[in-house]
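In terms of UniProt numbering, the sequence shown opens at residue 1 and continues consecutively.
Possibly wrong hints are sitting among the right ones.
Below, computed lysine-lysine pairings styled on DSSO-like, alpha-carbon distance capped at 27 Å [unchecked claim]: (1) Lys277 to Lys226; (2) Lys225 to Lys277; (3) Lys277 to Lys289.
In short, the hints are calculated from the structure, not lab data. This structure is a prediction, so every number in the text was calculated from the model and none was measured.
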Amino acid sequence: MRLPRPLGISGPSLWLPAGRQSVREAVRLELVDQETAGELGCEQLPVADQAPPEMAVEAGRRALAAAGVDARAVGLVLHAWIHYQGHDLWSPAHFVADRLGADAAVPVGVQQVCNGGAAAVELAAARLFVEPGLGHALVTTADAFLDPGFDRWSGDYGIAYGDGATALVLHHLPDGEGGGRPADLVLHSLSTVAAPRLERMHRGDDPFSPAARSLGPRVDIRRTKKAYLRAEGMETFTEASSGALRSAVESCLADAGLAATGDVPLRCVVAPRLGRKTIDLAYAPLLTKLTGAELLRPGSATGHLGAGDTAASLAELHARRMLGPGEYALVVSAGAGFTWSCLLVSGT
1 MRLPRPLGIS GPSLWLPAGR QSVREAVRLE LVDQETAGEL GCEQLPVADQ APPEMAVEAG
61 RRALAAAGVD ARAVGLVLHA WIHYQGHDLW SPAHFVADRL GADAAVPVGV QQVCNGGAAA
121 VELAAARLFV EPGLGHALVT TADAFLDPGF DRWSGDYGIA YGDGATALVL HHLPDGEGGG
181 RPADLVLHSL STVAAPRLER MHRGDDPFSP AARSLGPRVD IRRTKKAYLR AEGMETFTEA
241 SSGALRSAVE SCLADAGLAA TGDVPLRCVV APRLGRKTID LAYAPLLTKL TGAELLRPGS
301 ATGHLGAGDT AASLAELHAR RMLGPGEYAL VVSAGAGFTW SCLLVSGT
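Take these sequences, add in the hints, and give me the full structure.
Printed below as a string of structure tokens:
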């Protein structure tokens, strides 16, 4: 997505619950075996004692306060998630907007699974340009992967799932005419590439069901992935995913006027919060080849945050002051379906 001009990201925030489960405890309780624990590379996972939308409100408050933005100046609230939000037929986005006092905002729920946070930023960016009077857009994400419905350590291959919420404020930068505001990070471009033919990876051979978890008491991603691989083979997935990832990286850099030559002026590339082995096999070789930049592997203390990986990484880049003015980072995310997104940001 080639932006007409850069946008500002302010108050990027990661909100984690106080509860933690260490990998050592998980192994002791036989929630995960030692070999798998090593492949995941997580030291611990945050465990929620609040519903996801309540955590999103906490993250949203933090983001608005850090950005110095009154909730009444927010014109759009986008909330993304992947797992159950606490009620069966209900809009968590409206809950977030109401609890924050964003009464003038239009709340929108974004369901693009683990890529939902990046998709929400992209949607917010487009809306800001087509509706100049929108003001500020608030993007939140939140997920909790709790028993009995989800096995955070062993319910999937190559991913451990942590609970938490994120938020950020997207807005115009100063335009010299009194509009816009300074930002913590500058968003230069976004790209999204999909491979819909891979949707079966999370459907498998399962029949369509009349209600959630009709086939079993827990979400079983391993079952659907096994069925896909039996039918299609790993090579089919690998070729499609590597091609899409390459396209997303190259498009994002090109839209910002950079080229994927192996000598891109990037301070770092931030991988999704997936397991260590998954990053080693599916992301590190290609991202390093395309950019030549340092690869950051976040998530050892959080695990995969559902739809929140992108915003969590933006929050950490800002909190650690990793980007100076003119220094770039490429933040990569991915989600079932499959979809890959990249955001190119710089410091201020």
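Taking the hints in turn, this is what the structure says about them:
1. Annotation: proposed proximity of lysine 277 to lysine 226 holds, straight-line Cα distance about 18 Å (limit 27 Å).
2. Restraint check for lysine 225 and lysine 277: satisfied, since their Cα atoms lie roughly 17 Å apart, inside the 27 Å limit.
3. For a cut-off of 27 Å, the pair hint linking lysine 277 to lysine 289 stands: about 18 Å separates their Cα positions.
Of the hints listed earlier, there is not a single one the structure fails to meet.
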